[in-house]
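Chain order of the listed sequences is A and B. Counting from 0, one number per residue, gives the positions in the first sequence under numbering that gives the first Met the number 0. Counting from 0, one number per residue, gives the positions in the second sequence under numbering that gives the first Met the number 0.
Source of the hints: derived by calculation from the structure; they are not laboratory data. Among the clues, some could well be false.
[Claimed, not checked] Below, in silico cross-link-like pairs of lysine-lysine (DSSO-like), each with a Cα-Cα straight-line distance of 30 angstroms or less:
| hint | chain 1 | residue 1 | chain 2 | residue 2 |
| --- | --- | --- | --- | --- |
| 1 | B | 41 | A | 351 |
| 2 | A | 145 | B | 41 |
| 3 | B | 157 | A | 519 |
All figures in this text were calculated on a predicted structure; none of them were measured in a lab.
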Amino acid sequence: MKKQLLAAAAVVCSMGMLLSGCGSSGSNASDKNVITAFNSEPQNLLIPGNTNESGGARAGTLLFAELVSFDAKGNPSNEVAKSIQDNANSTEYNITLKPGWKFSDGTPVTAKSFTKAWSYIANAKNAQKCSSFFSTIQGYDDLQAKTLKGDEQLSGLKVTGDDSFTVTMSKPDATFPIKVGYLAFAPLPESFYKNPKAFGNKPVGNGPYKLESWTHNTEIRLVRNKAYHGNVKPKNDGVTFKIYTKVDSAYSDVQGGNLDVIDTIPTADTKSFTTDSNIQPYNQPGSVMQMFTIPSDLPHFVSGTEEGTLRRQAISKAIDRGSIIKKVLNGTGMQPVDFTSPMTPGFSKDLKGKDNLVYNAKEAKDLWAKADAISKDTDKFTISYNTDGGNKAIYDAIVNSIHNTLGIDAGTDPMPTFQEFRDSVDDRKVKGGFRSGWQPDYPSPENYLFQEFDSSAAHGNGSNDGDYQNPKFDELMTQAYAAPSTDAANKIYAQSQEILLNDLPAIPLYYDNAHGATAKGVKGLVADWENLPLYSQLHK
Amino acid sequence: MGKYLLRRILQMIPVVLGTTLLVYALVFALPGDPVKAMFGDKPINAAVAAQIRAEYNLDKPFIIQYLLFLKNALTLNFGNTFAGQPVISEIGRAFPVTIKLALMAFVFEAVFGVVFGIISGLKKGKWYDSVILIVSLLLISVPTFVTGFLGQYFLGVKWHILPVTAGSDPGFLDLLMPAMVLGSVSMAYIIRLTRSEVSSNIAEDYVRTARAKGMSNSSVIMRHVLRNSLIPVVTYLGQDLGALMSGAMISETIFNVHGIGFLTYQSILKGESNMVVSIVTLLTLIFVVCNLLVDMLYAALDPRIRYA
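So that you can see chain B by itself, here it is in the shape it has in the complex (with noise of 0.2 angstroms):
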């Protein structure tokens, strides 16, 4: 195990090189030159423009730019942004933000989601397992812009029922709605995920044969049942804390959540490559050692994979 940890590790420093070396040869390739666009439609001095050039090393080319960027980044030093706020600083203002709200999503998609699911892949065919199937299929199909945006105008400009957006600071409920539109999408996948195999376990031989050595209904369930179907659904949602964390921008945006999907957003309009790259980076290291995670919690839910 230690061994596989330690490779595992080691395979993350060519990842993360190449995800910061791809991102910013993106933000570089950007159309538009964003010292020019920051003086808008009024008149550029090109001397003015040539020093804020020279202070963001926009004047170097794309490797040195990169190199050098690599080079503070070792150092912990993540530059500044046009508005002069350290990189850094920022991400750490964003982050808790975001880690709140994906938490959050996380929890509500994770607990419902296997809920429900298990509900339905019991009592497949049932009334209430069309409903959950509809419901589920409704909010996959349904983009989370236009959830994010009906939830708003109805949960909070016409019923007054949650905070229309979260604001700065935000709170439990401030986060509540967000959370949710962020997290039903995940929220239908893992019903289904569950449904299927819930539904497909129960009439396995093993389950049959713990049934007919006269183990109750419940542990049958529980330990027989549960402990197989949930390792896609372990799997499923690993992976995606690490989506949640990046794919957090649009219901950011949405309800003006002031974490990191809202700052990327931001930085990518104002051309700002070294904020970008870093979040970026962070994300990238996030979504590794998510997977690492993972497969660690595969090995301890099937001993096979733990021996093999």
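Okay, chain A solo, but in the shape it has when bound (with noise of 0.2 angstroms):
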């Protein structure tokens, strides 16, 4: 009976040890006033020139302020920046600094925080992934040889004093003053260069929050910064980032009271959070533009010739958008009416061309039919995405309505993970049209224009995959860049979207809209122009 007694003391024993874990659970006691949020874990350490994923932009971007700061609606106001004056054609500008910031180490903001962080990160021995950003400034060039210390600085910025300093372009930038609110272009204090990798663990930044705790793949903690008095005024004591690998599982847990916000919707649920009454749910207009690109050397589709701009018309007035938004996005998205967004400054919704994004499927079969009378084509029309993302059900439908409007052979051809169908991409592998989304860094159509159409950023050297080339376009673009001011940028970058209203060198499908779900309970909620809630504003 011996052996019995010890068996069952064994079996209580252990059933001892699991229960006495007891004492342990959960972490969301005492903290009354802290949001906590969903987060995927940050791909880099939470350096800001090498951060360009949500994962650490979420959390990067409450530890940091920039020369400027964007409200909601993405226009741009001083922040660390008294001033930022440009000569007349943006190839010079002169910054000066508000007195007082200081980091949350104690240790001042001066000029040079800003001047020697950005060398640090255009310098390639760095390998910060932000690095390009500062490809306007001169001596960019000069720090991407293949022998360098990693010490070098730019060449075109000057410290002109303790709060001071002088940013001389390679050519003109009117953008500038604007992609200075990136994160990339916040300030670092001296310990960031004796141990950039402790830095990048526990960051130590100006902005509204300072890191308290991050527990890799768990959670990230953040606190007040008690040192801040810019323009953002919190309204809680902290943020708590918890990590996800489900979109899923953190949704339900907005529904169970266990998250407080998520900026997020996962593809199953997106039918009925609207209505879910465990939770409160928004969905507004939001600054991602969703496409599809068509390589400009597709045969048939060779941008610049009659035929290949009928059929990319084609294809595009072929696409019921308001269907699909209605019936797969369940309305989390918008008709488009340009290649920007709504949430983008200059934004126009009267563009010349815009015709050619709305659903005509008489149109659409004559301008196919003109087209084949240059030549015919009688391959099948495929379009590339990933699986990973979700993507399935639009692209199904979206060569669905090709197929049923056109009467053309039409399909999908899905990769299984964003890495693969990135590959393809970029060796230009894809023999169709392939998916592509983007969403802005800083609020300016020249970050959606100039990065995927401007000559320069094609045949690898940028993202425009769709290597289009329009001597056209790239005047405008270049205009824009020297114009005088930022309003009369836009207007420059409101004509330039006419020619690719025109030419589609990708076909336009929808705006993303911001939406996701706070849990009850949680006041303030604010969706901004990069579609995540304005965190600080969140409170109980």
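Can you join these two chains into the complex? Each is in its own frame, and there are hints to help.
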């Protein structure tokens, strides 16, 4: 009987061991006005110049304050900068800083905090992912050489005093005063250079929040930075980002009241989330542009030829965007009228050629027939996309719409992962259209248009993956860069879009709405131009 | 026994080497370039990309990468993740969580599996036997993620009985639902296994002999029926402990448990070969050790195996 007693004792012991774990359950007890928010694990250490994806950006933008800040609509105003003055043709900027700014470790924010940080990020030796944002500053090319030590400085940056510096551009850049509001342009304290890795694990910034702790793959805790007196007026005592791999579980947590805010909705729940009584949903115009690119050298679709243009317009008019947005996206998108977004300063609803983005079966057929009269196209038309992002239903609907309207052979060419998909696009292996979305880094039409369609960004030198080249468009880009003011530049960008609306290097599909949910009892939700909630404004 | 143990331990070396090579090759063969993916849709700076590749040895041929990994692993240096974290410390953080979850699932499936199995086996044909059989069939046929989502929705969102997800630093209650979901399929198998063993052993000659000798019913069942019936159950449980450790991936992602499965899922998505291979090596070791323990337990339960 001894053995059975032992076995029974063992079972009792192990149960006891497990039960004793009870005490530590949950961590959301005492912190009343701390907001918990959905996030994914940042891809990299939290260094502003190395953060180019949402996992890091959600936390990074709260930790650092840049020269300018943007309001929810994307309008800039000075933050650390007292003034940013340019010479007449946007080739040189004089920047002065407001006095009294400090990092959360107590050291002052000086002109050098900016110039040294920018040079560090631009320097290829330091392998910072946002390096190319500094490409218009003089001396950038020298910092892309093979043999560098890592501490070489951008020759275009000159410190003229403790709180002033000048920036000389290698070419005119009218967007520069907006770009400097992007996270990569944040100042860095001296302690960063001593040990960038240690800094990235526990960043010291000058933003509205400071990092309390970062348990990798688990959570990032931010608390109010008392030394901050900038444009942001936080309404809570802290933001704790909880790390998830699956949006579904985060959404269930918001429903169950375990998580305060999520800035995305699982595809399966887009239909029900606006009427779900367990949560407070939001769904409003956003800044992400979803489209698909047709490579400019695709047979029968060659850019700039009459046949190519006719076919592109026919395809675009054959897509019933309205019903796709309603039925597949359940209203979490908007019909596009341009190549930027309604959240972009300078946005216009009345561009010439916007009709090309409206479903019209009859015209689509006519255009296709006209193109066939020039040269008959019997190839199958395919669109590639990555299936790991939940795009299947949308692309199936699009090719169906094209097939039904034009009566041509159309289908999808799905690829299992984003990595694989990007590889095929980069190597120009896709023989058909392919998914291309654009999330802006800073609120300017330049960020959409130049990056995606200028000749200098084609052939692997940027994000012009369709290798679209149009000298007239390039000319307008150059003009916009040299424009005397942001408003003047925006007018030129509007003009350039009319070229795109005719040529259709890519077919705009919809603007992604800013949509998500907060748990019951959470107040103060405002979604900003980045489709993210303004975390600082949430409170309980 | 000592010789046997030594032989089994030496056998582990080629198993571990072979697994790491295989897994390294598989991760290496994954389509897509992790460095390009880091840039997303944004422009890639060629000089920066080259710098990152060099830092993680991604610019070297496969076999060199693997040998470098092995060389470092022998000195217990498993490299860094793309986020600059030592792989070993990430695993060190995630592992205890998975152990906790797996042990809870293990206790759940062992206790309930064996108890219900014995009841069913002894009372074959009664109504509760039928109920147990039907429930276990359901549990076997419904995939884990379905049970997971159902549990999450009803117990968590609707009725607020248990936490929806486990989150960071999970306690007993946080892990209860994930553990039950994780253990439910194996529990169903154990019920069925125990039931068939018990019901067949109870008809054996030696049971009749024992009864004829005048032994009480409970000691017949405890000493003769159960002891023999539990051999295949223990085999199953032993192997299942290894499977629980690695198979926690689905429950961990559904319930946001920050354990090994969660980490593996993330690492595969990011193409972090060092992390994936390190985890798989560890899991291989656990599997092999569990198998060894099962074989030892065999010997303890059945003297014939001990003396053979």
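Here's how the hints hold up against the structure:
With a C-alpha separation of about 28 angstroms, the suggested pairing of residue 41(B) with residue 351(A) holds against the 30 angstroms cut-off. For the suggested pair residue 145(A) and residue 41(B), the alpha carbons sit about 22 angstroms apart, so the restraint of at most 30 angstroms is met. For a cut-off of 30 angstroms, the pair hint linking residue 157(B) to residue 519(A) stands: about 14 angstroms separates their Cα positions.
Against the hints set out earlier in the document, no violation occurs for any number.
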